[in-house]
Structures are given as structure tokens and as C-alpha cells.
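*Asks:* Sequence:
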Amino acid sequence: MIVVGYAGGSHGRACLEQAIDEASVRGTGVLVINAVSEGGRGSSARTVRIVDADEIAQVQERLVESGVPFEIRQQIGADASEELLRAIDEPDAQLLVIGMRRRTQVGKLLLGSTSQYLLIECAKPVMVVKPQRATA
116 MIVVGYAGGS HGRACLEQAI DEASVRGTGV LVINAVSEGG RGSSARTVRI VDADEIAQVQ
176 ERLVESGVPF EIRQQIGADA SEELLRAIDE PDAQLLVIGM RRRTQVGKLL LGSTSQYLLI
236 ECAKPVMVVK PQRATA
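To convert, count from 1 in the sequence shown and add 115; that's the working numbering.
Treat the hints as calculated values from the structure; they're not laboratory data. All C-beta atoms, glycine included, are put in the ideal place defined by N, C-alpha and C. Do not rely on the hints blindly, as some may be mistaken.
[What the hints assert, rightly or not] Distance ranges between label pairs, derived from CB positions:
1. Gly192 - Pro246: 25 to 31 Å
2. Gln209 - Arg177: 16 to 22 Å
3. Glu236 - Asp169: 29 to 35 Å
4. Ala168 - Ala238: 30 to 36 Å
5. Gly124 - Gln190: 16 to 22 Å
Could you put together the complete structure from these sequences and hints?
*Replies:* So, in C-alpha cells, the structure goes:
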């Protein structure tokens with residue numbers, strides 16, 4: 116199984132597409148996790164958000180279209196990083212796919228973002244994905 120942290124938007128879509136590609140190549144499924152806690156690691160309304168029903172429906176539609184087996188877990192009141200680490204510890208989990216946003220110089224100095232925490236703590240391979248820049 117490919118575990119993907121889904122936070123919505125272009126970063127979430129890029130992660131989802133990469134997870135689908137990896138699952139197809141590896142002959143496995145995708146587990147999509149969208150979890151939000153109040154006051155968690157790197158807490159900011161703009162960094163982690165609960166994905167609305169319309170966007171989850173689009174995610175589900177894309178996964179059905181891809182043909183890979185999947186599960187979607189959307190949890191409110193859960194720490195996203197801990198939920199992802201718990202999922203990647205499952206025996207059939209092979210890879211964690213996460214997104215990383217561009218950060219300011221000050222942001223780079225502050226450890227504790229969800230992505231950095233996962234890179235350090237995850238016992239299995241982690242793939243960091245960013246959306247492609249639009250070309251002019």
C-alpha cells in the first residue's frame with residue numbers, strides 16, 4: 116500500500132497522482148489520509164486543512180478512474196503526522212508520499228513542520244512531491 120498525506124489543493128493533487136503512479140507500478144493500493152488537529156505541529160490554517168466533501172468526491176473519482184484499490188481516511192481532531200506514521204507502520208505499507216510547500220528563510224530555520232517531522236521519524240521510504248510550476 117502507498118500511504119499519501121492529502122492536504123488538498125495543487126500539492127494534494129500532485130501527491131495523489133504520484134501515489135497512484137507508485138501503486139500502479141508496485142501492484143498495490145493507495146491509502147489517502149487527510150487529518151487535522153487543532154494546535155498541532157506547524158499549526159496554521161493555511162498549512163493543513165480539512166478537505167471539503169466536493170474535493171474528497173473528486174479524489175475518490177480520480178482513484179476509481181485509476182483502477183487502483185484505495186481507502187480514504189478523513190479524521191478531524193487527529194494529528195496528521197501521527198496518523199501518517201501509524202498508517203506507514205502497517206505491514207503492507209511500502210511508501211509514504213507527502214507534499215512540501217515552499218518556505219521562507221525563517222520557516223527553514225524552524226524545525227517542526229509536518230513534512231520535516233515525517234522525514235525524520237518515518238521508518239519506511241518517504242517521497243516528497245511538489246506540484247509542477249505553470250509554464251508561461
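*Asks:* Next, verify each hint and record whether it holds.
*Replies:* Tested hints:
| no. | hint | in the structure |
| --- | --- | --- |
| 1 | Gly192 - Pro246: 25 to 31 Å | holds, 28 Å |
| 2 | Gln209 - Arg177: 16 to 22 Å | holds, 20 Å |
| 3 | Glu236 - Asp169: 29 to 35 Å | holds, 32 Å |
| 4 | Ala168 - Ala238: 30 to 36 Å | holds, 33 Å |
| 5 | Gly124 - Gln190: 16 to 22 Å | holds, 19 Å |
Of the numbered hints given earlier, the model fails none.
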